[in-house]
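> Sequence:
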Amino acid sequence: MGGRGWYGGPIEIDFTLYAPMLNKALVGYLGGIFDTLDGSHGFTFTYLPVVYQDDCQIVSSNSRYLQCHETKYSLKISFLGVEG
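Numbering (my numbering), first residue to last: 20 to 103.
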């Protein structure tokens, strides 16, 4: 992977959902996003992490809903602190 890998430090995620109406709580969307960006792992392996190894690295998250005619979302991922 040319020195590239997943981040091992703390993460902050900012999520904004734009849609005509809110059909479920934003926390339901966040759970799916958190699980999608991490990897499956056991005691001796990590498989396909996208951004971070485990969603327990998320130390802060913000979510908001904005009414809009078009359904879309934005996601900002911030890498906090120094990885050690």
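The hints are simulated quantities; they were obtained by calculation from the structure and are not laboratory data.
Nothing here was measured: the structure is a model prediction, and the numbers come from that model.
All residues carry an ideal CB built from backbone N, CA and C; glycine is no exception.
Be aware that a few hints might be false.
What the hints assert, rightly or not - Using C-beta positions, here's what the derived DEER-type ranges look like: (1) L94 - M40: 16 to 22 Å; (2) A38 - S80: 33 to 39 Å; (3) H88 - G28: 34 to 40 Å; (4) G100 - A44: 27 to 33 Å.
> State for each hint whether it applies.
Here's how the hints hold up against the structure:
| no. | hint | verdict |
| --- | --- | --- |
| 1 | L94 - M40: 16 to 22 Å | holds (20 Å) |
| 2 | A38 - S80: 33 to 39 Å | violated (19 Å) |
| 3 | H88 - G28: 34 to 40 Å | holds (38 Å) |
| 4 | G100 - A44: 27 to 33 Å | holds (29 Å) |
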